[in-house]
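Asks: The chain contents come next:
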Amino acid sequence: MSAEIEDIIKRFQNYPNVVGIIIVDLFAIPIKTTMDYNLTVHYATLVSNLLSKASKMVHSLDMTNELTSLRLRTSKHEVVIVPEENFFIIVVQNPSE
Amino acid sequence: MSSDIEDMFERLLKLPGAEGAILVNGEGIPIRTSMDVMSSQKYAGKMTPLIKMARSMIRDVEPGDDLSYLRLRTRRNELMVAAENDHMVILIQNNALLDQARRTSAQSNRFVSKGK
Numbered sequence: 001m002s003a004e005i006e007d008i009i010k011r012f013q014n015y016p017n018v019v020g021i022i023i024v025d026l027f028a029i030p031i032k033t034t035m036d037y038n039l040t041v042h043y044a045t046l047v048s049n050l051l052s053k054a055s056k057m058v059h060s061l062d063m064t065n066e067l068t069s070l071r072l073r074t075s076k077h078e079v080v081i082v083p084e085e086n087f088f089i090i091v092v093q094n095p096s097e
Numbered sequence: 001m002s003s004d005i006e007d008m009f010e011r012l013l014k015l016p017g018a019e020g021a022i023l024v025n026g027e028g029i030p031i032r033t034s035m036d037v038m039s040s041q042k043y044a045g046k047m048t049p050l051i052k053m054a055r056s057m058i059r060d061v062e063p064g065d066d067l068s069y070l071r072l073r074t075r076r077n078e079l080m081v082a083a084e085n086d087h088m089v090i091l092i093q094n095n096a097l098l099d100q101a102r103r104t105s106a107q108s109n110r111f112v113s114k115g116k
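As you go down the protein sequences, you meet chains A and B in turn. Each residue of the first sequence is one higher than the one before, counting from 1 in full-length UniProt numbering. Each residue of the second sequence is one higher than the one before, counting from 1 in full-length UniProt numbering.
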């Protein structure tokens, strides 16, 4: 799993717009991050809750459907959240538009 | 209902892959929808707490920042939720058509920048 995670970090870090990447395990504990520690923990906890809620919501609307990614566009950034089997990825980037 | 909102609503439905759109007021009640009443209420009811949570998350991690919109991608479709003041807009778009439109616009952007 850690090789896969290294790959993910490497791939995303090369994009010019990326501000930071955080990999969080299913207990909302960050396992890898390119951002500062406090901000990372902050994101990890909040995103974990949001992801769980969003995921459940999709399921409740349609039992056969599932959430594949979540994108939050703010005035300053774009936060992309991708759930994987054993962890989830948070990418904070500057919007390209 | 003001014609501005009508116009905006009609424009939403013209977006690529648009399968449905719902306009929800400050009380969580769908005031304009292209879907049946039950589905609209279901979507409105479920999206309201989610967008509140997303908005409070953004304000928490970055004071001064605010949520513009939320996009949930699922296996079937994409749900876009945008909130302004009290109102909320929910748009459901089919993945295949949406991706196709994105590819086309990405290609034309590349074409334009190459020409420079």
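Hints in this document: simulated from the structure, not taken from any laboratory. Among the hints, erroneous ones may be present.
Restricting the straight-line Cα-Cα distance to at most 20 Å, the calculated cross-link-like pairs of lysine to any residue (SDA-like) are [what the hints assert, rightly or not]: (1) A:K76 to B:K52; (2) B:K52 to A:M57; (3) A:K53 to B:R71; (4) A:K32 to B:K42; (5) B:K42 to B:E19; (6) B:K46 to A:S55; (7) B:K14 to B:D99; (8) B:K46 to B:V61; (9) A:K56 to B:D99; (10) A:K53 to B:L50; (11) B:K52 to A:L61; (12) A:K76 to B:K42.
Asks: Holds or violated: K14 (chain B) and D99 (chain B), Cα atoms, limit 20 Å.
Replies: With a Cα-Cα distance of about 15 Å, the restraint between K14 (chain B) and D99 (chain B) holds, given a limit of 20 Å.
Asks: Can you confirm whether the C-alpha distance between K46 (chain B) and V61 (chain B) stays at or below 20 Å?
Replies: violated, 24 Å
Asks: Measure nothing beyond the straight line between the CA atoms of K53 (chain A) and R71 (chain B); if it is 20 Å or shorter, mark the hint as holding.
Replies: holds, 14 Å
Asks: Check the hint pairing K52 (chain B) with M57 (chain A) against an upper bound of 20 Å on the C-alpha distance.
Replies: holds, 14 Å
Asks: For K46 (chain B) and S55 (chain A), compute the direct alpha-carbon distance and say whether it is at most 20 Å.
Replies: Holds, at roughly 11 Å.
Asks: Does the structure keep K76 (chain A) and K52 (chain B) at a Cα separation of 20 Å or less?
Replies: OK: K76 (chain A) and K52 (chain B) at ~18 Å, within 20 Å.
Asks: Between K53 (chain A) and L50 (chain B), does the CA-CA distance stay at or below 20 Å?
Replies: holds, 7 Å
Asks: Is K52 (chain B) within 20 Å of L61 (chain A), Cα to Cα?
Replies: holds, 18 Å
Asks: Regarding the pair K42 (chain B) and E19 (chain B), is the alpha-carbon distance no greater than 20 Å?
Replies: holds, 16 Å
Asks: Assess, step by step, whether the Cα of K32 (chain A) is no farther than 20 Å from the Cα of K42 (chain B), and give holds or violated.
Replies: This hinted pair is violated, its Cα atoms lying about 37 Å apart.
Asks: Given the hint that K56 (chain A) pairs with D99 (chain B), test it: the Cα-Cα distance must not exceed 20 Å.
Replies: violated, 24 Å
Asks: Within a Cα-Cα threshold of 20 Å, do K76 (chain A) and K42 (chain B) meet the stated pairing?
Replies: violated, 31 Å
Consistency with the previously given hints fails for numbers 4, 8, 9, 12, ordered from lowest to highest.
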